[in-house]
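J.: One-letter residues, chain by chain:
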Amino acid sequence: MMIASCCRRALLGVSLGVLATLSALPASADQITFVSQGGAYQKAQTVAILDPSAKKLGITINQDSIPDAWPAVKSQVASGKPTWDVVDMPTGNCLRGGEQGLVEKLDFAKLPNAATMPEAYRSAYSVTYEFYSSVLAFSRKKFPDAAPSSWADFWDVKKFPGRRALRNHPFATLEAALMADGVAPDKLYPLDVDRAFRKLEEIKPSITVWWTSGAQSAQLLNDGEVDMVMAWNGRVSALMGEGAKVGFTFNQGILQSTSLCILKGAPNLATAVRFVNEAVDPVHQANLPLHIDYGPANPKAFDTGVIKPERVAQLPSAPDNASKQALMSYAWWSSPAGEAAEKRWVSFMQK
Amino acid sequence: MLALALPALLVILLLVVLPVGWLAWQSVYHDGFTLANYRRIWSEDIYWRSFALTFEIAVLVTLLALLLGYPIAYAASVAPKRWAIVILALVVLPFWTSVLVRAYAWLALLQRTGVINQVLRQIGVIDEPLALVHNTFGTVVATLHILLPFMVLPLYATMQQIPRDLMQAGASLGAGPTLTFWRIFLPLSLPGVLAGSTLVFVLTLGFYITPELLGGGRTIMISMLVSRNVELYDQWGAASAVGVVLLVAVGLIFFAVSRFIPLDRVLGQK
Chain A
0 MMIASCCRRA LLGVSLGVLA TLSALPASAD QITFVSQGGA YQKAQTVAIL DPSAKKLGIT
60 INQDSIPDAW PAVKSQVASG KPTWDVVDMP TGNCLRGGEQ GLVEKLDFAK LPNAATMPEA
120 YRSAYSVTYE FYSSVLAFSR KKFPDAAPSS WADFWDVKKF PGRRALRNHP FATLEAALMA
180 DGVAPDKLYP LDVDRAFRKL EEIKPSITVW WTSGAQSAQL LNDGEVDMVM AWNGRVSALM
240 GEGAKVGFTF NQGILQSTSL CILKGAPNLA TAVRFVNEAV DPVHQANLPL HIDYGPANPK
300 AFDTGVIKPE RVAQLPSAPD NASKQALMSY AWWSSPAGEA AEKRWVSFMQ K
Chain B
0 MLALALPALL VILLLVVLPV GWLAWQSVYH DGFTLANYRR IWSEDIYWRS FALTFEIAVL
60 VTLLALLLGY PIAYAASVAP KRWAIVILAL VVLPFWTSVL VRAYAWLALL QRTGVINQVL
120 RQIGVIDEPL ALVHNTFGTV VATLHILLPF MVLPLYATMQ QIPRDLMQAG ASLGAGPTLT
180 FWRIFLPLSL PGVLAGSTLV FVLTLGFYIT PELLGGGRTI MISMLVSRNV ELYDQWGAAS
240 AVGVVLLVAV GLIFFAVSRF IPLDRVLGQK
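These protein sequences, in sequence, are chains A and B. The first sequence begins at 0 in numbering that gives the first Met the number 0 and counts up one residue at a time. The second sequence begins at 0 in numbering that gives the first Met the number 0 and counts up one residue at a time.
Simulated from the structure, these hints should not be mistaken for laboratory data. Hints are not guaranteed to be accurate.
To be verified - Each pair of labels, with its calculated beta carbon distance range:
no.: 1; chain 1: A; residue 1: Val46; chain 2: B; residue 2: Leu8; range: 44 to 54 Å
no.: 2; chain 1: B; residue 1: His29; chain 2: A; residue 2: Arg197; range: 30 to 40 Å
no.: 3; chain 1: A; residue 1: Arg197; chain 2: B; residue 2: Val201; range: 35 to 45 Å
no.: 4; chain 1: B; residue 1: Leu62; chain 2: A; residue 2: Ala119; range: 50 to 60 Å
no.: 5; chain 1: A; residue 1: Lys80; chain 2: B; residue 2: His29; range: 17 to 27 Å
no.: 6; chain 1: B; residue 1: His29; chain 2: A; residue 2: Gly57; range: 16 to 26 Å
Said to hold, decoys possible - No more than 25 Å apart at the CA atoms, straight line, and that leaves these computed lysine to aspartate or glutamate pairs for DMTMM-like:
no.: 7; chain 1: A; residue 1: Lys342; chain 2: B; residue 2: Asp164
no.: 8; chain 1: A; residue 1: Lys342; chain 2: B; residue 2: Glu230
no.: 9; chain 1: A; residue 1: Lys203; chain 2: B; residue 2: Glu127
no.: 10; chain 1: A; residue 1: Lys323; chain 2: A; residue 2: Asp185
no.: 11; chain 1: A; residue 1: Lys158; chain 2: B; residue 2: Asp233
no.: 12; chain 1: A; residue 1: Lys158; chain 2: A; residue 2: Asp222
no.: 13; chain 1: A; residue 1: Lys350; chain 2: B; residue 2: Asp44
We treat Cβ as the ideally placed atom computed from N, Cα and C, and that holds for glycine.
Turn these sequences into a full structure, and let the hints steer you where they fit.
T.: Written out as C-alpha cells, the structure is:
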C-alpha cells in the first residue's frame, strides 16, 4: 500500500520526493512490481497466476493497482526512474507505449511460453494476458423465444422491437456496425470508418442509452431499462449467475484483451522478463477462468484439462467461441486512422 | 493580521495557484511553445457545442434553483426559530450523501421502470413510460437537487439580516404585503440572490459525474471533454486548454455582468 499511494501521488506530481526516496532503495534482483486494474480481477489473478508464479520462480511480486495505468506509465518513464516493472493494461496502450519508447522490446527467445502463442496474440512489445468479449446481450423476458443473435438482428428494429444500448466509445461499436452491414468478422480491418458511422446513424434513434461503465451496462439490462445491449461477457454472465432473465451470444462478439508489457528502464528487467513468460504458462492461464469470467490468453490452457468442458463453453477465448468472433486489431486502433476514428466519436454523439 | 493570514495564503498558493498555473502553462508549452491546443478548440465544432450546452444547463439550473430556493429561504427567514432550523436541516441533509449515490438514487426514481413512471402508470396518467433520464432533463433535475443548498443558504443569510421594522414602516405608510415585498424585501435580498446564483452557476459549469451517469451519453458537458482529451491526446495541455477557455469565458461573463449590475454596491452594501 505504501508503494500504491506513493505512485498515485507521484502521478499528480505532488510528492516527487517520496518517489525519489523509494527508487533510491537498492533494487533486489528477485522482486518485481506488477500493476493491474485492481478489484475482483486483480484478486483472481493473484490466486491463479501471481502467487503460483512467485512461488515457482522464487521471486517476490509486489502489487499495485490503478484503473488507468497509461498516464502513470508515461510519467514514470519520463521521470527516468520508473518504479513499476510489469503492467497489465489494454493491449492498445502497450502498442502505443512501444511506439513512443515507453515499453521495452521483448526478446521472444527468452519467452518460450509466449513464443508458442498465435502471432495475433502478441506484438514486439507485448504478450496478451487475458481475453474478454463485447457481446450482444438481451433480455429473456422481452425475447423468450427468438432472441437477437447477430449485429444485423440488433440493427433490425422491425423484427426485434425494443430499447437498445451501446457503449459510448468507438471500440467494438464500429466493428459491430460493420458486421451489421454485412462485413465478415475476419475482414473488418482496416475498418471502413465512414461506412461504420453511416450504419451507426441508422440505429442511433433507437439507442436509449450510450453507456460509459461496465456496471452501467449490466444495470440497464437487469432493470429492464433496455432490452438488448452490447456488453462485456463477464458483466452479463455475472447477471445470469444471479438469476437474472438475460442471455448473450458469442456470435459476432468482438474479442478484446489486455496485455503484459515491461516499462522502459524497469528496475528489475531480467526478473520481469522471467515473470512475463511464467504469467502466460498454460497451467496458470488455465487457472484464471476458475476465478473470474475472463478467458486465458494462451490457447494451450485449454489442453491442460484444468478447465472443465462446461466452463470452456462459457469462455470468450475458447476455440469454439473464438472462431465465431472478431479479434480486435489493436494495431489498427493505435494507427493514425484508428486515432482519427476515436476523435470522431464525440462529434457523432453530439449530432 | 497579515501574519495570521500567511499560512492560508501559502496553502492557496501551493494547492491552487501553482497547480492551476502549471496546467495553464502545459496548455501552451509541449516540446516548445504551441497554440495547437487552442487552435483545436477554435476549429472543432464539438467544443462549441459542449460549451453552449454547458452554459445552457448552467443558466437553466440557476433559474430553477432560484425559483425553488427563494420561497424556501423566505419561509426559513420568517418562520419561528424552531421551524427555521427544521427547514434548513432538510435543505442541508442531502449534503451528507455522496453525489454518486444521489445520481443512482435519481436513476432509481426516474428510469423507465423507476418509481415515478411506475406510479404514473398505475394511476393511469400515462400509458408509456416517460423518458425522464438518460437525457438533459435527468441531468438538470439531479444537478438542481445537488446545488439547491448553495442557493438557499446565501439567500437565507441575507434575508435574515433584513430588518423587519422596514416592512412594518412600509405597512404603516399604507403599503400592502405584496408591495412591501416587491419594493422593500426583494431589493434588499438581491445580494443573496446574486451570491447564490453565482455559486450555483459556476458549480454547474464543472459538473461531471451527474451528466456522465444521467445524461445517457448525449449530454456532453465541457468537463467530459476535459477528461476525454486526457485520454485522446495523451497530454495534460490538451485537457487544461479546455479548462483555461472555460475560466476565461466565465471571467468575461462576470466582467460583462458587472458592467450592468454594480456588483460591489450590491454585495458590499452598507
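J.: All hints, please: hold or fail.
T.: Hint check results:
1. Distance hint for Val46 of chain A and Leu8 of chain B: a CB-CB separation of about 51 Å, consistent with the stated range 44 to 54 Å.
2. His29 of chain B and Arg197 of chain A have their C-beta atoms about 35 Å apart, which keeps the hinted 30 to 40 Å range intact.
3. Between Arg197 of chain A and Val201 of chain B, the C-beta spacing of about 40 Å keeps the proposed range 35 to 45 Å intact.
4. Judged by the Cβ atoms, the range 50 to 60 Å given for Leu62 of chain B and Ala119 of chain A holds: they are separated by roughly 56 Å.
5. Checked against the hint of 17 to 27 Å, the C-beta distance between Lys80 of chain A and His29 of chain B comes to roughly 22 Å, which is consistent with it.
6. Under the hint 16 to 26 Å, the C-beta atoms of His29 of chain B and Gly57 of chain A, about 44 Å apart, miss the expected range.
7. Of the pairs offered as hints, the one joining Lys342 of chain A and Asp164 of chain B is violated, with about 62 Å between alpha carbons and a cut-off of 25 Å exceeded.
8. Restraint check: the Cα-Cα separation between Lys342 of chain A and Glu230 of chain B comes to about 10 Å, which is no more than 25 Å; the hinted pair holds.
9. This hinted pair checks out: Lys203 of chain A and Glu127 of chain B have alpha carbons roughly 21 Å apart, not beyond 25 Å.
10. Note on Lys323 of chain A and Asp185 of chain A: the hinted pairing holds, with a Cα-Cα distance of about 10 Å set against a maximum of 25 Å.
11. For the proposed pair Lys158 of chain A and Asp233 of chain B, the alpha carbon gap of about 43 Å is over 25 Å, so the pair is violated.
12. Only pairs whose Cα atoms come within 25 Å are accepted, and Lys158 of chain A paired with Asp222 of chain A is accepted, the gap being roughly 23 Å.
13. For the hint pairing Lys350 of chain A with Asp44 of chain B, the CA-to-CA distance comes to about 10 Å; that is within 25 Å, so the pair holds.
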